[in-house]
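A.B. asks: Each chain is listed here by its residues.
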Amino acid sequence: MSELTSLTLAEARDQLRAKKISAKELADAHLAEMEKARPLNAYVLETPDHAKKMAAASDTKLAKGEGGPLEGIPLGIKDLFATEGVRTTACSKILENFVPQYESTVTSQLWRDGAVMLGKLNNDEFAMGSSNETSALGPVLSPWRRKGDNKPLVPGGSSGGSASAVAAHICLGATGTDTGGSIRQPAAFTGIVGIKPTYGRCSRWGIVAFASSLDQAGPFARTVRDCAILLRSMAGPDPKDSTCSDKPVPDYEKAIGKSVKGMKIGIPKEYRVDGMAAEISEQWETGRAWLKAAGAEIVDISLPHTKYALPAYYIIAPAEASSNLARYDGVRYGLRVPGKDIVDMYEQTRAAGFGKEVRRRIMIGTYVLSAGYYDAYYLRAQKVRTLIKRDFDDAWKQGIDAILTPATPSGAFGIGEKGSGDPVEMYLNDIFTVTVNMAGLPGISVPAGRDHNGLPLGLQLIGKPFGEEDLFALGHVVEQAAGPRMIPENWWSK
Amino acid sequence: MNAPTRNPKLLKGDKHDWEVVIGMEIHAQVTSNAKLFSGASTEFGGEPNSHVSLVDAAMPGMLPVINKKCVEQAVKTGLGLNAKINKKSVFDRKNYFYPDLPQGYQISQFKHPVVGEGVVTVDMQDGSSFEVGIERLHLEQDAGKSLHDQHPSMSYVDLNRSGVALMEIVSKPDMRSSDEAKAYVTKLRTILRYLGTCDGDMEKGNLRADVNVSVRKPGDALGTRCEIKNVNSIRFIGQAIEYEARRQIDILEDGGKIDQETRLFDNAKGETRSMRSKEEAHDYRYFPDPDLLPLEFDDAFVEKLKADLPELPDEKKARFVKEFGLSPYDAGVLISERETAAFFEEVAKGRDPKAAANFTINEFFGRLNKENKTIEESPISAAQLGAIVDLIADGTISGKIAKDLFEIVWEEGGDPREVVEKRGMKQVTDTGAIEKVVDDIIAKNPDKVEQVKAKPTMLGWFVGQVIKASGGKANPQAVNDILKKKLGI
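Chains A and B, in that order, are what the protein sequence lines are. The first sequence begins at 1 in my numbering and counts up one residue at a time. The second sequence begins at 1 in my numbering and counts up one residue at a time.
Same shape as in the complex, but just chain A (with noise of 0.2 Å):
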């Protein structure tokens, strides 16, 4: 890890502006380390003859003093955004060659901000999993270890690639998506930040659908601030997406350090889940005091229908899953396996293109909405969906302005080692954050303390519908308390 990129990108932003570092140089250190870190297999695609070109029309504009907020400051993309005229596969084979002609929304926003793409980062094959394994191109490896022990570990996932790269010093930033905690989940894994934001902040434009009322980008970065600054240039109003909002994006940035004194901050009891590894109850416990500390209220608070939420993610998610995933047809554009029919077409394309894990969400969204089932399953886990929407708003009603919750119910895992045989113990992973999807309420991961073999854990604290700058206040609260910086000793470029 050279000195260019162990900068948060909130120091290099301010380096780039005071002239002190050029793009260049910080796209081609970036580029170096990325060449050395292929071991971790976070990057599917890199791009540095893009990452050059837009270095070297950032420095021109940093040159004139004319740089947007994110002027220079090197990027990786999940391979889930599309970026024209760049490979955009969803890590799925079914999109093993395509190449959209359009740039997602999100991203876009990114380069107007002058952002440079350093390349497409790894993730679980259409962003379903959550420990990167899925990915048709191969799983991710966690450049954290377990103290004494060489076995590799998952980074989490969905957005695995993202987390990895991050916490890698490969990007000083990177977009995620978050349907269920593909953001929270990694990001707790491999000690860095990562907020998924109100449903409807940032567009979902030319982001390749997984589950369209849960799906939600958001940033991956080594701090809370850089998350703020991030957000600030992916967030806002889209007419190209109906259900992003057209309220204005503040300036993030400016609720670092702001006070937190008075906030009241819910504890649910619903989260103290049978069997909570007692590590992580202490981590909530240190949390709750750290906050405390800093002069916020902590008050103790029932959401009574948390425990239905899983279940019910695993009823909507694959439900429009199945449909989403239909356009896959090998008709029109990727992968094609020629049938004796259409028909026949059809199926050995879709056998041949997807994984496993998404064929099975396929067919349990398929048999969910089927004549039959409909109300049993589908209904059901939608009315279940309002309850909990209901327990937050409860909470809200009562002044409660944020709640701390762990991010995950372990420290990272080894690679193979959940869900092979039993695929709802690697479901397990998101209990503490689909039900902040389930709501559309926004949710930040801050890296807090460490489990028993010296891995990060992270705690989440949950928004108000767009009370993201609240969650930036308190994360910057949580992030002062817990400390240094975890940085992950480097392994993969020796």
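A couple of the hints might just be wrong.
[Said to hold, decoys possible] Straight-line alpha carbon distances no greater than 25 Å define the calculated DMTMM-like cross-link-like pairs of lysine to aspartate or glutamate that follow: (1) B:Lys-278 with A:Asp-344; (2) B:Lys-68 with A:Asp-246; (3) B:Lys-111 with A:Asp-375; (4) B:Lys-484 with B:Asp-430; (5) B:Lys-145 with A:Asp-344; (6) B:Lys-187 with B:Glu-242; (7) B:Lys-229 with A:Asp-341; (8) B:Lys-88 with A:Asp-375; (9) A:Lys-240 with B:Asp-298; (10) A:Lys-93 with B:Asp-100; (11) B:Lys-111 with B:Glu-296; (12) B:Lys-229 with B:Asp-259; (13) B:Lys-94 with A:Asp-375; (14) A:Lys-240 with B:Glu-296; (15) A:Lys-247 with B:Glu-296; (16) A:Lys-383 with B:Glu-296; (17) A:Lys-340 with B:Asp-430; (18) A:Lys-340 with B:Glu-117; (19) A:Lys-247 with B:Asp-298; (20) B:Lys-84 with B:Glu-25; (21) B:Lys-88 with A:Asp-246; (22) B:Lys-94 with A:Asp-246.
[Unchecked claim] One side only, chain A facing chain B, incomplete, derived with CB under 10 Å: (23) Thr-88; (24) Leu-95; (25) Arg-204; (26) Trp-205; (27) Lys-240; (28) Tyr-308; (29) Ala-319; (30) Leu-325; (31) Tyr-333; (32) Val-343; (33) Gly-365; (34) Ser-370; (35) Ala-481; (36) Pro-484.
Source of the hints: derived by calculation from the structure; they are not laboratory data. These figures come from a predicted structure and were not determined experimentally. In this text, a Cβ means the ideal position worked out from N, Cα and C, and glycines have one as well.
Starting from the structure of chain A, add chain B where the hints point.
C.D. replies: Coordinates of chain B only, in the frame set by chain A:
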């Protein structure tokens, strides 16, 4: 569903009479420049795949955005059908795989359509009328088109139509004969064209019908229905119903039973044949489209559209009957198109409306039909037609001459009054001139003179001879009077 027995035209079976029960789903293409959820053009006849946006091609990450114009058109149509407007409706996905359906689902409205129940009054040729209940109207996307004749082993797909807005208008099973069904579609088409919400062009497929047909003994519960898909002309709708009803009657009279199924109408053979059975029917797995918010609008939106509605066919017809004293049949003919009604009103302005209606319907419409021309293509203007009506009214020309004059103006144009002058077509009312001809005819036909004295109705023969001799220009009334005087009858 409630479908009371009404027996306008029972079909005869070998054993007894049968009542045919018909309901229809009309797919009407919304008149709009852009598609329902994308900005791509809806223009007909472009090169294949030339009007296709990224959304229409279902590229990854593309999202639908509702076209407000299409919503306005649907609400307008709902108002024209005297229907309930739902201020909140929901778009659902109808999931199935087909190469001309890029998304793998059609965005439609299933549980909560934008328009609810309404009613259409349908007029029959004999002057009677009946009502057809409207069950609902919803908005949905059209699919693309598969081309099977472009390659020896492959099919091609043209997505120009993919995503174009359709209104599906579902009737109640309120029709009882093929004539009623045809009259309903005709009326619906007229209403849509008046509203400007669908051009009704069936040749281009912009209006097509799924026809549900069942038969029963009068008074019985509804029989099992078959749905005939995608019939694209009013004539074929009639033929398909006739064939299908007869087919079902034959099966039932032979002691068989009807299988609920989807059928196709083969217009070359004039018969329907099975497409898929109920068991083979798709499970469409409808669910609300999470990419779209529920469609909501307020009263003001509806009121604004209501205020801008044109006079609709029923109102116009009633006005023509009341204001102009026309028969309901004539009024019905005149209002069949908004343009013809407007043309007639111009002709009738300041003239005797009945005379104007007669000449417009008999001469003018007859001629348009004969040449298969629309009113826009007419070589004669309303002003020219009006001038001819005036010439008849003021006695300058006879009705017979008027027909010749109409021919001349149609073919050669010109001011009718000048044509009459130039060609000497004026009616002769100069008694001296007529008397000369009368004397001549009397002198030449002494035998007939004897006969007419015994039988005064023979006068007609003399009138005919005189008018013929005058080249049709002699005023018949004057001829009549002079003949009577001279013959002493």
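A.B. asks: State for each hint whether it applies.
C.D. replies: Hints and how they fare:
1. B:Lys-278 with A:Asp-344: Cα-Cα ~23 Å, so holds.
2. B:Lys-68 with A:Asp-246: This hinted pair holds, its Cα atoms lying about 18 Å apart.
3. B:Lys-111 with A:Asp-375: holds, 14 Å
4. B:Lys-484 with B:Asp-430: holds, 17 Å
5. B:Lys-145 with A:Asp-344: holds, 20 Å
6. B:Lys-187 with B:Glu-242: Cα-Cα ~20 Å, so holds.
7. B:Lys-229 with A:Asp-341: Holds, at roughly 24 Å.
8. B:Lys-88 with A:Asp-375: holds, 22 Å
9. A:Lys-240 with B:Asp-298: holds, 23 Å
10. A:Lys-93 with B:Asp-100: Holds - the C-alpha atoms of Asp-100 (chain B) and Lys-93 (chain A) are around 23 Å apart, at most 25 Å.
11. B:Lys-111 with B:Glu-296: With Cα atoms ~15 Å apart, Lys-111 (chain B) and Glu-296 (chain B) stay inside 25 Å; holds.
12. B:Lys-229 with B:Asp-259: Since the Cα atoms of Lys-229 (chain B) and Asp-259 (chain B) sit roughly 16 Å apart, the hinted pair holds (cutoff 25 Å).
13. B:Lys-94 with A:Asp-375: holds, 16 Å
14. A:Lys-240 with B:Glu-296: holds, 18 Å
15. A:Lys-247 with B:Glu-296: holds, 19 Å
16. A:Lys-383 with B:Glu-296: holds, 22 Å
17. A:Lys-340 with B:Asp-430: violated, 90 Å
18. A:Lys-340 with B:Glu-117: violated, 46 Å
19. A:Lys-247 with B:Asp-298: Given that 25 Å is the threshold and the Cα spacing comes to 22 Å, the pair holds.
20. B:Lys-84 with B:Glu-25: holds, 18 Å
21. B:Lys-88 with A:Asp-246: The hint holds at about 21 Å.
22. B:Lys-94 with A:Asp-246: Since the Cα atoms of Lys-94 (chain B) and Asp-246 (chain A) sit roughly 29 Å apart, the hinted pair is violated (cutoff 25 Å).
23. Thr-88: holds, 7 Å
24. Leu-95: holds, 7 Å
25. Arg-204: Holds - the Cβ of Arg-204 (chain A) comes within 10 Å of chain B, reaching about 6 Å at its closest.
26. Trp-205: Holds: closest Cβ of chain B sits about 5 Å from Trp-205 (chain A), inside 10 Å.
27. Lys-240: holds, 6 Å
28. Tyr-308: Check failed: Cβ of Tyr-308 (chain A) comes no nearer than 19 Å to chain B, outside 10 Å.
29. Ala-319: holds, 6 Å
30. Leu-325: holds, 8 Å
31. Tyr-333: Given a least distance of 7 Å, the restraint on Tyr-333 (chain A) holds.
32. Val-343: holds, 8 Å
33. Gly-365: Interface hint status for Gly-365 (chain A): holds (9 Å vs cutoff 10 Å).
34. Ser-370: Cβ of Ser-370 (chain A) sits 6 Å from chain B, so the hint holds.
35. Ala-481: Violated. Min distance 39 Å.
36. Pro-484: violated, 39 Å
Hint compliance for this structure: hints 17, 18, 22, 28, 35 and 36 are not met, and every other hint is.
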